[in-house]
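Q: Please put together the full structure from these sequences, using the hints given.
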Amino acid sequence: QMWEEAIALGKELAEQYENEMFDYEQLSELLRKQAQFYENIVKVIRPKPDYFAVGYYGQGFPTFIRNKVFIYRGKEYERREDFEARLLTQFPNAEKMKTTSPPGDDIKTSSGQYIQCFTVKPKLDLPSKFHRPVSEQIVSFYRVNEVQRFEYSRPVRKGEKNPDNEFANMWIERTIYVTAYKLPGILRWFEVKSVFMVEISPLENAIETMQLTNDKINNMVQQHLNDPNLPINPLSMLLNGIVDPAVMGGFANYEKAFFTEKYMHEHPEDHDKIEKLKDLIAWQIPFLAEGIRIHGEKVTEALRPFHERMEACFRQLKDKVEKQYGVRAILSGLEERRGSRPRSMVRSFTMPSSSRPLSVASVSSLSSDSTPSRPGSDGFVLEPLLPKKMHSRSQDKLDKDDLDKDKKEKKKEKRNSKHQEIFDKEFKSTDISLQQAEAVILSETISPLRPQRPKSQVLNVMSSERRFSVSPASPSSQLSPPPITPRTKLAFSIQPNLELNGMSSSDIPDVPPPLPLKGSTADYGNLMESQ
441 QMWEEAIALG KELAEQYENE MFDYEQLSEL LRKQAQFYEN IVKVIRPKPD YFAVGYYGQG
501 FPTFIRNKVF IYRGKEYERR EDFEARLLTQ FPNAEKMKTT SPPGDDIKTS SGQYIQCFTV
561 KPKLDLPSKF HRPVSEQIVS FYRVNEVQRF EYSRPVRKGE KNPDNEFANM WIERTIYVTA
621 YKLPGILRWF EVKSVFMVEI SPLENAIETM QLTNDKINNM VQQHLNDPNL PINPLSMLLN
681 GIVDPAVMGG FANYEKAFFT EKYMHEHPED HDKIEKLKDL IAWQIPFLAE GIRIHGEKVT
741 EALRPFHERM EACFRQLKDK VEKQYGVRAI LSGLEERRGS RPRSMVRSFT MPSSSRPLSV
801 ASVSSLSSDS TPSRPGSDGF VLEPLLPKKM HSRSQDKLDK DDLDKDKKEK KKEKRNSKHQ
861 EIFDKEFKST DISLQQAEAV ILSETISPLR PQRPKSQVLN VMSSERRFSV SPASPSSQLS
921 PPPITPRTKL AFSIQPNLEL NGMSSSDIPD VPPPLPLKGS TADYGNLMES Q
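Residue numbers for the sequence shown, in my numbering: 441 to 971.
FYI, nobody ran anything at the bench for these hints, they're computed from the structure.
A few of these clues could be false.
With beta-carbon atoms standing in for the labels, derived distance ranges [claimed, not checked]: (1) 516 to 631: 19 to 29 angstroms; (2) 545 to 637: 14 to 24 angstroms; (3) 677 to 452: 42 to 52 angstroms.
Here are the simulated DSBU-like pairs of lysine-lysine, each with C-alpha atoms no more than 30 angstroms apart in a straight line [what the hints assert, rightly or not]: (4) 601 to 538; (5) 473 to 488; (6) 536 to 633; (7) 515 to 451; (8) 563 to 536; (9) 622 to 483; (10) 598 to 716; (11) 696 to 758; (12) 702 to 758; (13) 696 to 713; (14) 563 to 716; (15) 515 to 561; (16) 633 to 622; (17) 716 to 763; (18) 569 to 488; (19) 716 to 758; (20) 656 to 561; (21) 569 to 451; (22) 508 to 488; (23) 716 to 702; (24) 483 to 738; (25) 473 to 515; (26) 760 to 718; (27) 713 to 563; (28) 713 to 702; (29) 473 to 451; (30) 548 to 538; (31) 702 to 718.
Glycine residues also receive a C-beta, built at the ideal position from the N, C-alpha and C atoms.
A: Laid out in structure tokens, this is it:
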């Protein structure tokens with residue numbers, strides 16, 4: 441389950457697959473594995489193994505472990521008693537030491553075997569890439585992995601014993617062990633290369649304890665927010681142990697020991713540390729509030745009285761702390777928010793077809809009874825779209841309200857006229873074809889209805905037996921006749937200066953396409969037979 445190490449090795453392989461071997465199939469499979477590893481880091485809860493310090497004292501041990509201390513990494517959920525039993529099976533003649541203090545020379549030089557074993561706490565050493573606060577699920581790996589420093593704390597009392605408050609004179613003797621290599625490595629145990637000891641004052645110990653308590657509450661709250669199916673019992677025990685003063689006493693013992701005039705007078709150098717402790721106490725309230733809120737949502741009916749008592753104790757604690765140390769607030773849900781697009785930025789610029797107004801040309805072309813009529817250039821010939829009341833009321837009888845309505849109707853007409861002009865421009869050819877189709881009379885008397893061509897405008901080319909026709913027009917348009925009908929035996933009546941498919945007579949090329957050859961010398965009298 442050391443997915444972080446697998447990702448680092450996967451990145452090395454990805455570099456080879458992508459830039460050296462060009463094996464994209466292996467690269468894609470590797471990237472899918474990495475994606476699964478990242479998901480496991482965030483979602484899967486991994487057990488945290490314990491670390492044990494083991495000292496082998498006496499001349500009876502082999503030389504490579506004699507009078508040396510090693511740090512062992514225990515197995516998952518392995519207790520110290522189980523680890524000691526497993527260790528003593530390798531040395532059945534060894535004697536287990538009862539104390540955790542370093543032994544004297546008499547034990548080191550004796551001929552027997554003495555084993556000292558106790559639990560040590562790994563010291564977090566975050567990589568440099570984590571330059572900002574990150575999720576606890578990510579940091580939790582580095583609390584028990586890639587660690588090289590371990591500490592063991594032993595309480596020591598100095599001065600007179602205070603039966604009312606044991607925190608006032610409780611010092612901590614902390615021993616730091618540094619191993620030769622980081623754990624875990626190629627082995628599950630490494631030799632300790634250096635040992636040094638520091639003393640922690642009672643006030644510094646109180647600050648560390650409050651910080652650890654706040655972190656523990658925050659971590660458990662984050663776990664329940666990420667996974668609502670977690671059991672509620674650990675959260676209940678944690679919150680009740682802090683909120684209910686009858687259980688552990690809370691931070692009232694710190695107030696009795698350090699927030700007194702006597703202590704301030706005797707230790708003026710601890711003023712900043714006292715302020716820091718007060719700040720940590722104030723910050724505990726919003727963490728507790730979030731934990732109690734989650735507890736209230738998940739509590740069962742059987743535990744409802746327990747939750748109500750815990751809420752009552754918390755209200756008293758909150759009032760007291762906020763009155764003495766101020767109010768702190770956290771912004772909940774910031775990590776769950778995603779940078780989504782605001783709704784105001786998501787707009788549809790496509791006009792639905794059902795809401796587009798129909799132009800006069802489209803209305804008339806859909807009806808078979810009415811003759812098609814082109815609207816004027818002003819675009820206001822939209823009588824089918826106008827309300828009837830605009831025709832029934834005269835302009836001189838309009839009041840102020842009617843004038844406003846009239847302005848709105850004119851704006852609507854102007855919008856409709858724009859759609860009408862666009863529609864007419866796109867479907868002009870269709871409209872013209874409708875006019876021509878209704879203007880053609882298919883009968884034997886079609887010849888007299890056709891306009892007579894002047895003899896001066898008829899050019900006979902005898903060599904190629906082709907006839908070109910030029911429709912009568914103004915002198916400026918004589919050189920550019922309109923196009924002749926396509927290769928069919930139907931004749932259409934084309935008016936001069938008429939636009940075809942959006943092209944005027946000036947845009948038509950100078951040389952028109954040739955006419956189809958006649959089947960007979962008679963004028964179009966055989967149209968009815970072919971029809």
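Q: Decide, hint by hint, whether the structure agrees.
A: Results for each hint:
Distance hint check for residue 516 and residue 631: the Cβ-Cβ separation is about 24 angstroms, which falls inside the suggested range of 19 to 29 angstroms. In this structure, residue 545 and residue 637 meet the distance hint of 14 to 24 angstroms, their C-beta atoms being roughly 19 angstroms apart. Evaluation of the 42 to 52 angstroms hint for residue 677 and residue 452 yields a pass: the beta carbon distance comes to about 45 angstroms. With a C-alpha separation of about 25 angstroms, the suggested pairing of residue 601 with residue 538 holds against the 30 angstroms cut-off.
Of the supplied pair hints, the one linking residue 473 and residue 488 holds, its CA atoms being roughly 24 angstroms apart against a limit of 30 angstroms. The straight-line distance between the Cα atoms of residue 536 and residue 633 is roughly 23 angstroms, inside the 30 angstroms bound, and the hint therefore holds. With a CA separation close to 28 angstroms, the supplied pair residue 515 and residue 451 stays within the 30 angstroms bound. A threshold of 30 angstroms between alpha carbons decides the hint, and for residue 563 with residue 536 the separation of about 26 angstroms falls inside it, so the pair holds.
Distance hint between residue 622 and residue 483 is fulfilled; the C-alpha atoms sit about 26 angstroms from each other, no more than 30 angstroms. Proximity of residue 598 to residue 716 is assessed by CA-CA distance (about 24 angstroms); at most 30 angstroms being required, the pair is judged to hold. Between residue 696 and residue 758 the alpha-carbon distance is near 18 angstroms, which keeps this suggested pair within the 30 angstroms criterion. Note on residue 702 and residue 758: the hinted pairing holds, with a Cα-Cα distance of about 27 angstroms set against a maximum of 30 angstroms.
Of the supplied pair hints, the one linking residue 696 and residue 713 holds, its CA atoms being roughly 16 angstroms apart against a limit of 30 angstroms. Taken as a hint, the residue 563 and residue 716 pair is honoured in the structure, with Cα atoms around 22 angstroms apart against an allowance of 30 angstroms. Proposed proximity of residue 515 and residue 561 is supported: the alpha carbons are some 15 angstroms apart, at most 30 angstroms. For the given pair, residue 633 sits about 12 angstroms from residue 622 by alpha-carbon distance, which is consistent with the 30 angstroms threshold.
A distance of roughly 17 angstroms separates the Cα atoms of residue 716 and residue 763; the hinted pair therefore holds under the 30 angstroms criterion. For a cut-off of 30 angstroms, the pair hint linking residue 569 to residue 488 stands: about 23 angstroms separates their Cα positions. Distance hint between residue 716 and residue 758 is fulfilled; the C-alpha atoms sit about 18 angstroms from each other, no more than 30 angstroms. With a C-alpha separation of about 16 angstroms, the suggested pairing of residue 656 with residue 561 holds against the 30 angstroms cut-off.
As the CA atoms of residue 569 and residue 451 are separated by approximately 16 angstroms, the hinted pair is consistent with the 30 angstroms bound. Among the hinted pairs, residue 508 with residue 488 is consistent with the structure: their alpha-carbon atoms are about 26 angstroms apart, no more than 30 angstroms. For the hint linking residue 716 to residue 702, the alpha-carbon distance of about 19 angstroms falls within 30 angstroms, and the restraint holds. This hinted pair checks out: residue 483 and residue 738 have alpha carbons roughly 20 angstroms apart, not beyond 30 angstroms.
Using a Cα cut-off of 30 angstroms, the hinted pair residue 473 and residue 515 holds, with the two alpha carbons roughly 26 angstroms apart. Between the alpha carbons of residue 760 and residue 718 the distance comes to roughly 13 angstroms, so the proposed pair stays at or under 30 angstroms and holds. Only pairs whose Cα atoms come within 30 angstroms are accepted, and residue 713 paired with residue 563 is accepted, the gap being roughly 22 angstroms. For the hint linking residue 713 to residue 702, the alpha-carbon distance of about 16 angstroms falls within 30 angstroms, and the restraint holds.
Restraint check for residue 473 and residue 451: the C-alpha separation of about 11 angstroms stays at or below 30 angstroms, so the hint holds. About 15 angstroms separates the Cα atoms of residue 548 and residue 538, which keeps this hinted pair within 30 angstroms; it holds. Of the pairs offered as hints, the one joining residue 702 and residue 718 holds, with about 17 angstroms between alpha carbons and a cut-off of 30 angstroms not exceeded.
Hint violations for this structure: none, all hints satisfied.
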